[in-house]
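Residue numbers (this note's numbering), protein chains in the order written: chain A, 16 to 391; chain B, 2 to 207; chain C, 12 to 169; chain D, 443 to 820.
Calculated directly from the structure, the hints in this document are not laboratory data.
Where a beta carbon is used, it is the ideal one built from N, C-alpha and C, also for glycine.
One should not assume that every hint holds.
Subject to a maximum C-alpha distance of 16 angstroms in a straight line, what follows is the list of computed EDC-like cross-link-like pairs (lysine to aspartate or glutamate) [claimed, not checked]:
id	chain 1	residue 1	chain 2	residue 2
1	D	Lys-644	C	Asp-15
2	D	Lys-463	D	Glu-475
3	D	Lys-644	C	Asp-143
4	B	Lys-134	B	Asp-172
5	B	Lys-134	C	Asp-143
6	A	Lys-354	A	Glu-202
7	D	Lys-642	D	Asp-675
8	C	Lys-89	D	Asp-675
9	C	Lys-155	D	Asp-685
10	A	Lys-185	A	Asp-124
11	D	Lys-609	D	Asp-571
12	A	Lys-354	D	Glu-629
Listed next, the stretches of chain D that the computed footprint assigns to chain A, with coverage defined by at least 3 CB atoms under 8 angstroms from CB atoms of chain A [what the hints assert, rightly or not]:
id	stretch
13	691-702
14	793-803
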Amino acid sequence: MSNVTLFDVANGLATLLLTGLGSILPQPLHGWLINPNLIFALAATLFGAILLGASMINTIMLIWFERKMLGRFMDRRGAMHVGYAGLLQNFADGLKLFRKHTLRPREADSLGFYAGPTAYMVTSVLIFGILPISTGWSSGVLPLSLLLALAIFSFAPLFIFISAWSSNNKYSLLGGMRSAAQMIAYEVPILLAVVAVILVSGSFDLTTIVNLQQNYWFWGPLFLALLVFVVGMLAEMERIPFDLPEAEAELVEGWNTEYGGMLFAFFMLADYVRALVGSILVVLLFLGGWTLPSYVPSALTSFPLAGIFWFMLKTYIVFGVFVWIRASLPRVRTDQLLKVGWMRMIPLSLLSVVLAAMLVLVRCLPVFGCVPGLGG
Amino acid sequence: MSSPAPAVASPVPPKSAAPLLETEIPLVNGPAVPYVEIETLRAREFIPQAKEALSSLLREQMEGKLLRPVFNWAGRNSLFPLHWGLACCAIEFAAAFGARWDAERFGVVPRSSPRQCDLLIVNGTVTWKVAHKLITLYEQMPEPKWVIAMGNCATGGGPFRTAYSVVPGVDKLVPVDIYIAGCPPRPEALLDGILQLEELIRRRGE
Amino acid sequence: MATDDLATQLAPRAGANILAVEPFQGLTARVRFRPEGALDVFRAVHDDLGYDHLSMVGAIDWVDHREVFYIVWSDVTKQYLGLSADLTGDAPHIESATPVWPSANWHEREAWELVGVAFDHHPDMRHLLMPDDYAFHPLLRSFKLHEPEELEVKSRSV
Amino acid sequence: MWVNMGPQHPMTHGLWNLRVKIDGELIVDVDPEVGYLHRGIEKISEDRHYNEIITLMDRCCYVAGIAWEHVYIGAAENALHITAPERAQWLRVMCDELQRLASHIMWYAAFVQDLGLMSPFLYGMRDRDLILDLFQSFTGGRLTYEYNRVGGVRNDVPSGFTDRCRKVMDWLMDRFVEYDRLCLGSEIFRRRCDGLGVLKAKECVDLGVTGPMLRSAGVARDLRKDRPYAVYDRVEFDVAKADAADVTARYLVRMEEMRQSVRIVRQTLDWLDHHPGPVLADHLPRWLGAPYAPMGNEGYLLKRNFPRGTGFAAVEEPHGEAQAYVVNTGGEHPYRTKFRSPVFVNLSAAKHYMIGYRVADIPPIMGSVDICVGEVDR
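Isolated chain A, as found in the complex (with noise of 0.2 angstroms):
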């Protein structure tokens, strides 16, 4: 099957958009308007608004589904009232912090507090051009673009720290520095945990990876690369049991504590865009993308989209997984964090890449048998 990606429906579309608006209009405007220039740049400018788009919505829809499952967790309902079953919350909530009032402290540094919650929001976002959603339906095809998805992936604590500095709170510095160091701690197994699965698939492209996982996939045989790499997404992503640079109880807001209105909506939003980039990384590495099991009957894989749909119902599933550790575990302290990421995560996923190193030297997998293609 020919790989479409997002960007060439973008492109598509800007030509058809271009090329028929040129069509009508006169001479001058016409030469004006069909140039390659323009159609591309419109083109990237549709790509991104796309991508912002379906991003923002799957956000926006992310966080009622937390809402209303931690709502279920706890024995409560939920948002409900707004729009059926809450639907439209979230959005509402969206739009008041939009239009509230910016307001920056007269101590804070201007640039840093801009343009900190700023980066934050485009470096989340611009995961998404990289990810592949479904067969054809890949927004981008780059052959690094695992170890692009993880650089960008890696950005954070940068941002996460400038703003909590520049913002001159202490709260906002102290959440800052535990973010800065949680996140750093993490970011050592993740990649070694992907380093387990880069040898087992022998790729860097997220899509030959989802390609490779049609037999089997990976959860099985990387149980423990599986492992630490969910333990270190839920640090990644901030969440309980890692929420320490929020945690409510010590910290106000951690280091969102001075931010209001629209830069406030930012960090929330590329929280929970980050979120839903571990769980679609999880996905993705682990538990075969778009891929179902050849047992499976072939009318559940053959409707239209259905390669989007089991992607994003196993996308929801994992979420729902972190939501349920929400709900149940207590916070963890910033030292016992660090250890468990120096002293526990490192050894485990260096064990995991020997494991993976070793499944590739025999080319066997225990459960499932000798597979041809694996290790690349």
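We have chain A already, so just place chains B, C and D on it with the hints.
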């Protein structure tokens, strides 16, 4: 040049050869110029006009024609109260977020930082010692913001009205939108107060 | 009698400072002592009688004089004991009990703040409940509560 | 670096300020600053009637209102030389224990929320509402009851109350298992709370610390056993005790106390079922609000001729030992009231159980102290 005097910066920087934006493009009716350049010129005239038109449209909408009901809907359906507890009413405030009443149904989520709040619920007795801190909190909240005086103490001092340390009514300190009676008010009363506030915001049309 | 026993037990170390040991509703007894020898009495009660837990320190303004009272508890006898001293003069003061019972710290701060009894050699005498610049002692009888103007309900039927 | 945690801070659960000097994440010095909720209850009491002060007592500690009513009533009855009838004493014991349950559940909810556990807060509030429903059925209030009176209690419990109460007690006993599973069953909880906020028995006694904090240090001191008031000498229960003196120990003590409270409530319900009787003393002067007090001049005379006296009472409140000291000079108002709040003392010892721990430890330690600012500031 051996002037020892401190160099005074010239107020006007030396002009460069040609300003970037004022290239010598003749007017439309002037001598013949290449086609593309005329297009550029038109575009340059067009951009400020479009900008003006767009911003006036936006301003008009912001002033209440189109988007205002939408923003009003958003604002009244997502009231984030400040998470703080003053006295007895704070316990009922907490109970209102408990399983039985669940104020989150109405989109009411307490936030700990005043920067992220729209609603200051004064849930308890305000003493003179805490008065200026309350005002600070109110001022730290971004506009638009509302205040609910919850309970008799916040409304008018309650049973401690005569005491030497109690502010007889929080409306002496900050403007109050909704008063809720009760000592302490039940969680239902708080929810009712919040819904009344939503009605108030809707009617005020802000 | 418990009161007599107490008096004899206290006699060796603080006998000169004890004015009376009298029965009291809800307590084992109440020991009235001279404020000048406060520390001796505290030490005797703490060390000899085993009242190692100070429950509260309070002060009462009796217009002509002020009274400071202490309630202490012994884990051995499982009883409360009251101590009380009358302070006279314009600037009533008494020795702080913090060397004997560290828990007296905040109680004495509060008693000074509300009733205006000074505690000598207190380690950390600051305002506790009221703002730092508060100039009155509100629990004095001379400090009248004024009702806000709208609230003129004076005549309570009895 | 000095950090102000309060007065508006999610950790405080009330209106006070914990000034913390930190070095990185390490606590070097602390200075609790209270008084933000000082309402002058002792001063207002000077021109309130004896029964009107009960109103203030409910607001004095808003999570343990009825226990504070009991403290004050004990002292006032001593000062006025009045004894409450037996059934009223049993009712008071039942109310105290129900209040202890409600207060401890509230503590549990707030404490685990400080640790970042979100769901148990909601579970706690849900179960606490059941107890408040019970209170509401015979006092009419959820938090502020005004139920005790000088000389008894205001009214008897309605018919069918005891059965309803038993059902709630059974429900709660099941829930306690769930609570324990959520906390003690969690490795993270144990790692965060073990060895935290240690205050040994000797220091506790020196600093006047009482209540679950003292009992968690291995001192089995409980006024209900040591110096029984009301009818606590006629009910069977054990004093909860732990030895570790840390946050986990306080958790264990409070959980055990809740179980013992259920036990006591069940006994009082059995007694109440079989011993009907008056709940308010006869021959009370009319100004004390007795509905069947002599009318006309007599009540007035009684008021004037009331004997002087000073009363003292101590009650094991959910937070510790609460005491009241009421001076009666023969008037219709007490001359002076003085209340000893256990939390006031427990908080004043903050330096001794907080220094040396980390910023992240502040919420669990402070949560384990169970702060109720209303009674600290009064």
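Holds or violated: are the alpha carbons of Lys-354 (chain A) and Glu-629 (chain D) at most 16 angstroms from each other? The given pair, whose Cα atoms are some 15 angstroms apart, holds under the 16 angstroms limit.
Given the hinted pair Lys-134 (chain B) and Asp-172 (chain B), is their Cα-Cα distance within 16 angstroms? 15 angstroms, holds
Straight-line alpha-carbon gap Lys-642 (chain D) to Asp-675 (chain D), limit 16 angstroms: 29 angstroms, violated
Quick one, are Lys-609 (chain D) and Asp-571 (chain D) close enough, alpha carbons at most 16 angstroms? OK: Lys-609 (chain D) and Asp-571 (chain D) at ~14 angstroms, within 16 angstroms.
Given the hinted pair Lys-89 (chain C) and Asp-675 (chain D), is their alpha-carbon gap at most 16 angstroms? 15 angstroms, holds
Run the distance test for Lys-185 (chain A) versus Asp-124 (chain A): straight-line Cα separation, threshold 16 angstroms. With Cα atoms ~14 angstroms apart, Lys-185 (chain A) and Asp-124 (chain A) stay inside 16 angstroms; holds.
Has the given pair, Lys-155 (chain C) with Asp-685 (chain D), been kept, meaning a C-alpha gap of at most 16 angstroms? 49 angstroms, violated
Do the alpha carbons of Lys-134 (chain B) and Asp-143 (chain C) lie within 16 angstroms of each other, as the hint requires? 15 angstroms, holds
Could you grab the alpha-carbon distance between Lys-354 (chain A) and Glu-202 (chain A) and see if it respects the 16 angstroms cut-off? 14 angstroms, holds
With the threshold set at 16 angstroms, check whether the alpha-carbon distance from Lys-644 (chain D) to Asp-143 (chain C) stays at or below it. 33 angstroms, violated
Going straight from one Cα to the other, do Lys-644 (chain D) and Asp-15 (chain C) come out at no more than 16 angstroms? Violated. Lys-644 (chain D) to Asp-15 (chain C) sits at ~30 angstroms, over the 16 angstroms cutoff.
Tell me if chain A covers the stretch 793-803 of chain D under the three-residue, 8 angstroms CB rule, please? Coverage by chain A holds here, the residue count being 4 at a Cβ distance below 8 angstroms.
In summary, the structure is inconsistent with hints 1, 3, 7, 9, 13 from the numbered list given earlier, while agreeing with the others.
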